[in-house]
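> Chains A, B and C, in that order, give the protein sequences. So the first sequence is numbered by our numbering: it starts at 7 and just counts up by one. So the second sequence is numbered by our numbering: it starts at 150 and just counts up by one. So the third sequence is numbered by our numbering: it starts at 19 and just counts up by one.
Some hints could be false.
Pairs of lysine to any residue, SDA-like flavour, derived with a Cα cap of 20 Å [unchecked claim]:
1) K160(C) <-> P345(A)
2) K179(B) <-> P345(A)
3) K415(B) <-> H313(A)
4) K190(B) <-> T274(A)
5) K266(C) <-> V230(C)
6) K324(C) <-> G303(B)
7) K160(C) <-> T224(C)
8) K324(C) <-> K415(B)
These aren't lab readings, by the way, just hints derived from the structure by calculation.
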Amino acid sequence: MADNGSKSTATESPHGVTRLDDENMLAMYRQMILCRTLDERIWMLNRQGKAAIVASAQGHEAAQIGSAWALRKGTDQFYIYYRDLATLLVLGMTPAEIMAGFLAKEGEPLSGARQFPTHGAYPEYGIINLSNVVATHVPQAVGAALAARMQGEDAVVITNFGDGASSMGEVHEAMNFASVHKLPVIFFCENNKYAISVPLAKQMAVESVASRAQGYGMPGFEVDGCDIVAVFEATSEAANRARRGEGPTLIEASVERYLPHTSDDDDTRYRPSEEIEEARKRDPVKILADQLRQIGALSEDLDQEIHQEARQIVDEATDEVDSAPYPGTEEFFKHVYAP
Amino acid sequence: MKIELPQVGESVTEGVIGKWLKQIGDRVEKFDPLVEVVTDKVNMEMPSPVSGTLSSIIAQEGETVPMGGLIAEIEVEGEEPASAVPAPIAAPQPQAVNRTGELLKDVAPVGPTGGVLNMETDTPVSSGRKRYSPAVLRLAGEHNVDLSHVNGSGMNGRITRKDVQQAIDQGVATTEPATAAPQTAPAPAVPGADEERIPLTPIRRLIAENMVKSATLIPQAWTTVEVDVSGLIQRRQAVRAEFQEREGINITYLPFVIKALAESLKENPLLNSSWGGDSIILKKRINIGVAMATSEGLMVPVIHNADTLSIAGLAKRVHDLTDRARRSQLRLEDVQGGTFTANNTGVLGSVESKPLVNYPQAAIMTTEAIVKRPVAINDAIAIRSMMNLCMSFDHRIMDGAEASGFINAVKARLEAIGPNTGIY
Amino acid sequence: MQRDERVFILGEDVGARGGVFLATDGFLEEFGEERVIDTPLAEASIAAVAIGAAIHGMRPIAEIEFADFIWPTINQIVGEAAKVRYGTNGQLHVPMVLRAPQGGGVRGALYHSQSVEAFFAHTPGLKVVNPATPYDAKGLLKSAIRDEDPVIFLEHKRTYRLVRGEVPDEEYTIPLSSADVKLEGEDLSVITYGLMVHHCLEAAQTLADEGVSVEVVDLRTLRPLDSETILESVRKTGKALIVHEDSKAGGIGGEVASIIGEEAFEYLDGPVTRLAGPEVPAMPFSPAMEAMYMLDADKIADAMRKLAAY
Numbered sequence: 007m008a009d010n011g012s013k014s015t016a017t018e019s020p021h022g023v024t025r026l027d028d029e030n031m032l033a034m035y036r037q038m039i040l041c042r043t044l045d046e047r048i049w050m051l052n053r054q055g056k057a058a059i060v061a062s063a064q065g066h067e068a069a070q071i072g073s074a075w076a077l078r079k080g081t082d083q084f085y086i087y088y089r090d091l092a093t094l095l096v097l098g099m100t101p102a103e104i105m106a107g108f109l110a111k112e113g114e115p116l117s118g119a120r121q122f123p124t125h126g127a128y129p130e131y132g133i134i135n136l137s138n139v140v141a142t143h144v145p146q147a148v149g150a151a152l153a154a155r156m157q158g159e160d161a162v163v164i165t166n167f168g169d170g171a172s173s174m175g176e177v178h179e180a181m182n183f184a185s186v187h188k189l190p191v192i193f194f195c196e197n198n199k200y201a202i203s204v205p206l207a208k209q210m211a212v213e214s215v216a217s218r219a220q221g222y223g224m225p226g227f228e229v230d231g232c233d234i235v236a237v238f239e240a241t242s243e244a245a246n247r248a249r250r251g252e253g254p255t256l257i258e259a260s261v262e263r264y265l266p267h268t269s270d271d272d273d274t275r276y277r278p279s280e281e282i283e284e285a286r287k288r289d290p291v292k293i294l295a296d297q298l299r300q301i302g303a304l305s306e307d308l309d310q311e312i313h314q315e316a317r318q319i320v321d322e323a324t325d326e327v328d329s330a331p332y333p334g335t336e337e338f339f340k341h342v343y344a345p
Numbered sequence: 150m151k152i153e154l155p156q157v158g159e160s161v162t163e164g165v166i167g168k169w170l171k172q173i174g175d176r177v178e179k180f181d182p183l184v185e186v187v188t189d190k191v192n193m194e195m196p197s198p199v200s201g202t203l204s205s206i207i208a209q210e211g212e213t214v215p216m217g218g219l220i221a222e223i224e225v226e227g228e229e230p231a232s233a234v235p236a237p238i239a240a241p242q243p244q245a246v247n248r249t250g251e252l253l254k255d256v257a258p259v260g261p262t263g264g265v266l267n268m269e270t271d272t273p274v275s276s277g278r279k280r281y282s283p284a285v286l287r288l289a290g291e292h293n294v295d296l297s298h299v300n301g302s303g304m305n306g307r308i309t310r311k312d313v314q315q316a317i318d319q320g321v322a323t324t325e326p327a328t329a330a331p332q333t334a335p336a337p338a339v340p341g342a343d344e345e346r347i348p349l350t351p352i353r354r355l356i357a358e359n360m361v362k363s364a365t366l367i368p369q370a371w372t373t374v375e376v377d378v379s380g381l382i383q384r385r386q387a388v389r390a391e392f393q394e395r396e397g398i399n400i401t402y403l404p405f406v407i408k409a410l411a412e413s414l415k416e417n418p419l420l421n422s423s424w425g426g427d428s429i430i431l432k433k434r435i436n437i438g439v440a441m442a443t444s445e446g447l448m449v450p451v452i453h454n455a456d457t458l459s460i461a462g463l464a465k466r467v468h469d470l471t472d473r474a475r476r477s478q479l480r481l482e483d484v485q486g487g488t489f490t491a492n493n494t495g496v497l498g499s500v501e502s503k504p505l506v507n508y509p510q511a512a513i514m515t516t517e518a519i520v521k522r523p524v525a526i527n528d529a530i531a532i533r534s535m536m537n538l539c540m541s542f543d544h545r546i547m548d549g550a551e552a553s554g555f556i557n558a559v560k561a562r563l564e565a566i567g568p569n570t571g572i573y
Numbered sequence: 019m020q021r022d023e024r025v026f027i028l029g030e031d032v033g034a035r036g037g038v039f040l041a042t043d044g045f046l047e048e049f050g051e052e053r054v055i056d057t058p059l060a061e062a063s064i065a066a067v068a069i070g071a072a073i074h075g076m077r078p079i080a081e082i083e084f085a086d087f088i089w090p091t092i093n094q095i096v097g098e099a100a101k102v103r104y105g106t107n108g109q110l111h112v113p114m115v116l117r118a119p120q121g122g123g124v125r126g127a128l129y130h131s132q133s134v135e136a137f138f139a140h141t142p143g144l145k146v147v148n149p150a151t152p153y154d155a156k157g158l159l160k161s162a163i164r165d166e167d168p169v170i171f172l173e174h175k176r177t178y179r180l181v182r183g184e185v186p187d188e189e190y191t192i193p194l195s196s197a198d199v200k201l202e203g204e205d206l207s208v209i210t211y212g213l214m215v216h217h218c219l220e221a222a223q224t225l226a227d228e229g230v231s232v233e234v235v236d237l238r239t240l241r242p243l244d245s246e247t248i249l250e251s252v253r254k255t256g257k258a259l260i261v262h263e264d265s266k267a268g269g270i271g272g273e274v275a276s277i278i279g280e281e282a283f284e285y286l287d288g289p290v291t292r293l294a295g296p297e298v299p300a301m302p303f304s305p306a307m308e309a310m311y312m313l314d315a316d317k318i319a320d321a322m323r324k325l326a327a328y
């Protein structure tokens, strides 16, 4: 899907750009390498007994970065879910802030270390990830869009969810409501073909999640979620539609899940290793690196430098957070009701 | 450095060692995959927590190891090898057992001395005795009304609050207070002509019960060491004014002692345990009770997770607890969950005491009065500030060797305090 | 809604129909489709959309047509709305109202008669209100709308028609968590709420004729409970009867009884007693069975007599 060149509102770089130039491509690549490095480190911290639970984003990075890049930080709202590590980074959270969530350390910004990692909110960046109950956030995103329209704002609300969540009744209710009221919502399904262990064929009888859009009277697009450019363009178009008052769009980004569902899962019980090997052939990192090399924007030296830089940032974050204290219990009874 | 099997996964308690990915003598970088581990939830490659050389493999392929169990040692540059003799193969360390948390069924509500609060009332209902409502008993007690003289207008002749009020208004049927309410305590010894009987306050009674429990249920042994606290005194003197200025509270010796205790308890988990009948229950958390004399009697408020606090943090906790104990504002949780008790008998001028273990803990330690004494240092006589530490311990749980190991560790820590000892 | 532009209504049939009980009659004409939103027939999304809008600065009033249809919202209300403030360390909150008509005695059978308060009152993070009189309903609803946290506002269907009372036109609010002593008495405290307040007052009148002075406490808010007023009354009378239409086990009455037992034990001159709905899943349709389920002034007066005589 090509950018149709419609006039979108002013952009707050680097997100919300209307066209990807070399600089943007490279910046996205940096974020992707940082995300992958951070993700790998967090997984190791789990295996060292320091991070109690981890859901990896490996294989989802292009979908998360490409979609967030097309939207505006601070204006648009992101109702995301537990696997959206890269979205947090792109919107401005630092690796140390994110890691503080995985290690449940003092100063954790999303929930004060009350919730599972990546959960809570960062209102300044429009990050909202409230619950572990799959799909509950999807109709809430519709409410956020309704509020934005009532308040006369041109904010777009994107809600990311997995293929597993797409089976939930609340997703149906949300899509129906948003479409009836033509609300500025982007339903963004990161389809990695597994709901923990249950494969797609046992989740749905239709070809794709996107095909359901027709039933709600909105457009549905399938994109290659490992191709960051394709994701960016699809999201830009959906955002433009939303701002023009044309209502919601459903995007289904086909992605891969390289690791088990979470650190508590053992995917060897249900997934052949050859399947994962095959999936690794379309690693979003590799695809973006190839695209950059083709346009002459990524030399071997630069690539190494980017990797080293990421490693250093993640090392520093690890040291900082590992040595930080756990929060005390002084605030345990706070924030049940308004003071 | 000793390498333990990390806690991985919710509600997982043990893992089976798979293939070792590094061999003895191999160079290992931090985060390098070290060994495969299979748990009932995941199969994983465990990354190394440090860089160094793999010096020994303790858990062999196929062995089941509890979370927290020792599996290998890695020699880290600049660090002394942990031990020359490899540890016995796969003998799970006592402190490794049940790291995933145990339901501490023995942690009942705790009374003011840290003992178990007996919530059951010992009022057997004697047949034939009339039952009165709480309101009737209270009113009758306040006005010394003998209920046997009051007519009941309630159901089945029951005496109601109104009936008692009426009796009071009519000014009849009063009697001595002690016989008005049903007597629940065992018949007291009749005081002699030259004696005076002081009724027990609830707290006194509880203290008495706990002391009896300690003395009768725990076979206790006793030990003492003397500690040179000259460095501690200087350090405290040096930071005192600044601490007062910055924190608004006085820093006493106690936080230094608790810090030393907490660190030593970590190394000597047997001291932080309870006798479990057919086992010893190690306590994962280090919660140090501090005995305090208050106007109501002996109280033992608890500093929870004392091992996670700095000396400054401990000073604040001690100050807060002392302050609230004095104002009778301790909450239930303030006196619950203690795993070890410290008692500063030195403030009473004592130089040696034999405390009773705070049941059901494993040991109690006192700090005695600091006195300047001539001592021989390098064959010369010097005047040093000396203090005795005295400890009673449950001899079922440990022997003299473990007890001495612990008390000497505390001593060493206190003697090591010097101008560079950090407060924060 | 006239005062605050952020306030809007959403639910089934709230627009042109004015609500099945005409609670929003005329609202559409005054405030327009933007602020009086007829939604698809999908309760979970009604609650969820309200949550999302509340997080982003609006003051939604979500209406569930009958409380019997509220169960699909439990996931959103108990699972989500109640936990947003806590789970974001106070960064976000959900100032919304979920209104629902409830209760029986209207030939509503199993699915138009249920009482749902106990399910919500169990949840920290929520507030639960159940007014008995028109005067209270107005003051409490205003407070609920202005409250910074999610409020479940339950109204007994029979009070819509059965109870008529003075409602001043001028602005007033009644603070949440304030019980109201609807009748003062000396011998016995009756603690109740909702429609039962009226039956209790009627029964108290009967007892007064028999020489027993009954105090009737209307809880009005079921979470947080106004323990002060409950305890003050029971300490005075020494006897407590708790009355509610909702079934007994695990109901509000158990909580009130525990508070009395814990805080006023020494003042009790009789057993704390509950008179509540029977242990059947819901209210049957046929008149005799419906009457057997419902409490009325006679049944309440019997319970009052028994406790007074204890």
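> Each hint: holds or not?
Hints and how they fare:
1. K160(C) <-> P345(A): Holds. K160(C) to P345(A) sits at ~19 Å (cutoff 20 Å).
2. K179(B) <-> P345(A): Given that 20 Å is the threshold and the Cα spacing comes to 46 Å, the pair is violated.
3. K415(B) <-> H313(A): violated, 40 Å
4. K190(B) <-> T274(A): At roughly 11 Å apart (the allowed maximum being 20 Å), T274(A) and K190(B) satisfy the hint.
5. K266(C) <-> V230(C): Cα-Cα ~26 Å, so violated.
6. K324(C) <-> G303(B): holds, 10 Å
7. K160(C) <-> T224(C): violated, 34 Å
8. K324(C) <-> K415(B): violated, 62 Å
Figure legend: structure checked against the earlier numbered hints; hints not met, in rising order: 2, 3, 5, 7 and 8.
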